[in-house]
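Using the sequences and the hints given, assemble the complete structure.
Number of protein chains: 2
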Amino acid sequence: MAKLIEPRVLKGFRDFLPEQEAERLRIMGLLAETFGAHGFVPIDTPILEYTEILLGKGGGETDKQIYRFEDQGGRDVAMRYDLTVPFARYMAAHLHELYLPFRRFHMAKAFRGENTQRGRYREFVQCDFDIVGTDAASADFEIVTMIDAAFAAMGVNDARIHFAHRGVFNALLSALEVDSGTDEVLRVVDKLRKIGGQAVREELEGLIGAQAGERVIALVSLEGTNAQIVERMRELVPTAGEALARIEAVVAAALELGLGGRLVLDPSITRGLDYYTGIVFETFLTGLPEIGSVCSGGRYDDLAGLYTKERLPGVGASIGLDRLMAALAEIGVPSPGGGAADALVLCLDESLLAHYHLIARTLREAGLRVEVYPDPKKLAAQFAFAEKKGIPAAVICGPQERSAQAVNVRDLRSRSSTDGVPLAGAAEVIRDLLETGAG
Amino acid sequence: MAKLIEPRVLKGFRDFLPEQEAERLRIMGLLAETFGAHGFVPIDTPILEYTEILLGKGGGETDKQIYRFEDQGGRDVAMRYDLTVPFARYMAAHLHELYLPFRRFHMAKAFRGENTQRGRYREFVQCDFDIVGTDAASADFEIVTMIDAAFAAMGVNDARIHFAHRGVFNALLSALEVDSGTDEVLRVVDKLRKIGGQAVREELEGLIGAQAGERVIALVSLEGTNAQIVERMRELVPTAGEALARIEAVVAAALELGLGGRLVLDPSITRGLDYYTGIVFETFLTGLPEIGSVCSGGRYDDLAGLYTKERLPGVGASIGLDRLMAALAEIGVPSPGGGAADALVLCLDESLLAHYHLIARTLREAGLRVEVYPDPKKLAAQFAFAEKKGIPAAVICGPQERSAQAVNVRDLRSRSSTDGVPLAGAAEVIRDLLETGAG
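For the protein sequence lines, the chains are Z and R, in the order given.
Anchor point for the first sequence: position 303 equals 284 in the numbering used here, and the numbering is continuous, going up by one each time.
Anchor point for the second sequence: position 11 equals -8 in the numbering used here, and the numbering is continuous, going up by one each time.
If you're looking for bench data, these hints aren't it; they were derived computationally from the structure.
These numbers were taken from a predicted model, which means no experiment stands behind them.
Please note: incorrect hints may appear among the correct ones.
The list treats identical chains as one, so a pair stands whether inside a single copy or across any two.
List time: in silico DSBU-like cross-link candidates among lysine-lysine, alpha-carbon distance up to 35 Å [to be verified]: (1) Lys290 / Lys45; (2) Lys(-8) / Lys45; (3) Lys369 / Lys290; (4) Lys45 / Lys175; (5) Lys(-16) / Lys290; (6) Lys(-8) / Lys90; (7) Lys172 / Lys(-8); (8) Lys369 / Lys90; (9) Lys(-16) / Lys90; (10) Lys290 / Lys(-8); (11) Lys45 / Lys90; (12) Lys90 / Lys290; (13) Lys290 / Lys359; (14) Lys369 / Lys358; (15) Lys358 / Lys290; (16) Lys90 / Lys175; (17) Lys175 / Lys(-8); (18) Lys359 / Lys369; (19) Lys(-16) / Lys358.
Spelled out as structure tokens, the structure:
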């Protein structure tokens, strides 16, 4: 006999067991429903692209992490490492077939050969959504309110969207005459939550001097109601008029739609990337601050400048589904069990094969999810199977029941049975049983 | 200004525009629902695996087509080229966490560097489903009846599942004392539909002689009712008792469940692979015979023998979603339009930003899919946008309507308007409008 191959997976990659995958599909379904209800449409792009396309914008870090190789045709290709770069390429390629503003969502896998010790995966699912082709405040607000709606749909009631506007920050740096090193300042401020105010103060002092550092700290440390913070911002950065007007428009809309305390103006949010030019935001779960943001994004000036001369301003966000699902599991958001069937039709007699499938079909037509046990094993083995898979009801039918066009229904949790149920009434008995258990 | 990068995709790879992707997600949703109703649970596996895992079973052809490279850690890795090999590895790895029989489905991308001139894609979506851990006739029948249910769910009423049993074929070859070259004979017979009876006859004569070739031709050319074919098979291959009993069980169950003419016993079905050991089947659309099988599979003796000593017999099938979707488009199965919104809330006055989102939310809460136009552009531009995206209704609200807590609803197809609708009643007006248009 040949030597067995060890059935291992690559480091940073994962199999999904049925319960995990059913939960992932359920969450993705809820998100797709929310996006669809807001007029967002789905798209897809290839997992493999020309490396030139993917690295057009990439920095040194991305270069090292990307899965890149030469294909059979000698092409330099790579697996996508996010959904943003492919989306920019997509917009440039299909602009003439689309319409603006274009609202899209894309939920799909991306790949990075990251250090797995940081708890990151090398294969992960991103969920991106953007409105492209508009500068309007309405679009900024829409992204925020849609994130709010998405978390509500997932049963998460403690999500808080923290937002700021890069224009305020840039106006301050400009007033302080910090002409170079803006990226570096952003990166330092972005660490506020992680390393604390004192450490940020010291790093900023080294970068732009103590006095300028204090002014930056004063801005990013503002606290209070949204209205109070806007007031203080206006005092600290009087030159940020346009950005402040945009913030006020978003804050007013949130008030009118009753988003209340769920949209938090928070000048410490900067999003480390130079890419963003307008509002920026991160989403935190109040019960789990330590996991960081579960949905982040912002407004940008030009999505696809590498591939087209057409200027495409937009606003969008991204959910890392793996982190979100870990968070949902941790805060114990209830999820309906692993996609298992409602009832198992047991196999007492192999010659009744067709009848068992007929019973299953009858129950399915009444809206139940029904599985047929294929082998005439001992009943104890069939019950054990149902228990392991989490199926709550068994439908039992021998030759006698068959003659009577009846079945016995057994509640596998309470171990009580209802015998001699006419086949036409079996679905109702099972439904009652499911509701009793759920109560 | 830097030179633009051409936004091209790799040969054999595709972007999906919103309408295409919405349709793909719709079909996948219907399939997942059908599978779930039969107790099948979803799983997922990594797109990238150790090459050793993927090529364990691969022949020379697969070797050449696989996307294979060395990763940053020096590992020999490859992108999966089907969902069967990863499933075998998965079962071996997780057997202790699962239960048998295990019913799973997996809808995901796979990759082959095939010659695109044959109309094949290098990135494609497979949809696989299997029942593993049972030899029972019930499982064979279940796969067939579930395929029937899946096509019904997709609105396809002319799908015919042609099936045979490899045991009959093997028993005939054995009786003819064709000890070697079974694979080659299978491959020739598999071409019957393509090259015709005469060409197959000639090839078989060269392989196993004229007399044996005639016997093979006699078997694979049988026609008639399922019952007649079983009778003739029994005469032609009297040594195939067990296989014939299995065929009879499946045919009887199909009769009892009214699958009638949709399950066709067809001895010309062999499935070129040596892998299968029991029933084998292919699914044809009566209106589109030229595209070949849209769902194929069969029973195998042992799924994961390369990775575990545990014997895992099973039965399963695979749908190539790309071919299926091309077929659905060709036969004109009606599909609900590209996931666009039901209504567009127009932007007349930017200061009403929040109110427009409030209108949208009110309509969404009544179950409608609603999009908000973000910019106060000319109405003609906003109407043109709605038309391009296929949104049938517009909701119009200026300061006056707002004061009256009312909106105007416009049917963008008939260009008729209903003015002064109270906001609370707007959803009903839109729903009426949608139904009129659909009728």
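The hints, checked one at a time:
1. Lys290 / Lys45: within (29 Å within a copy, 40 Å between copies)
2. Lys(-8) / Lys45: For Lys(-8) and Lys45, the Cα distance is within 35 Å both inside one copy (17 Å) and across copies (25 Å).
3. Lys369 / Lys290: between (58 Å within a copy, 23 Å between copies)
4. Lys45 / Lys175: within (25 Å within a copy, 49 Å between copies)
5. Lys(-16) / Lys290: Between copies, since 10 Å is at most 35 Å while 58 Å is not.
6. Lys(-8) / Lys90: Classified as both: same-chain Cα gap 16 Å, cross-chain 20 Å, threshold 35 Å.
7. Lys172 / Lys(-8): The answer is within: 28 Å in one copy meets 35 Å, while 43 Å across copies does not.
8. Lys369 / Lys90: both (30 Å within a copy, 30 Å between copies)
9. Lys(-16) / Lys90: Result: close both inside a copy and across copies, 33 Å intra and 30 Å inter.
10. Lys290 / Lys(-8): between (41 Å within a copy, 25 Å between copies)
11. Lys45 / Lys90: both (19 Å within a copy, 25 Å between copies)
12. Lys90 / Lys290: both (29 Å within a copy, 33 Å between copies)
13. Lys290 / Lys359: Close across copies (25 Å), not inside one copy (71 Å); limit 35 Å.
14. Lys369 / Lys358: within (16 Å within a copy, 59 Å between copies)
15. Lys358 / Lys290: Between. Shortest inter-copy distance 23 Å satisfies the 35 Å Cα cut-off; intra-copy 68 Å does not.
16. Lys90 / Lys175: Result: close within a single copy only, 28 Å intra versus 38 Å inter.
17. Lys175 / Lys(-8): Intra 27 Å, inter 45 Å, cutoff 35 Å: intra-copy only.
18. Lys359 / Lys369: Intra 16 Å, inter 62 Å, cutoff 35 Å: intra-copy only.
19. Lys(-16) / Lys358: within (33 Å within a copy, 70 Å between copies)
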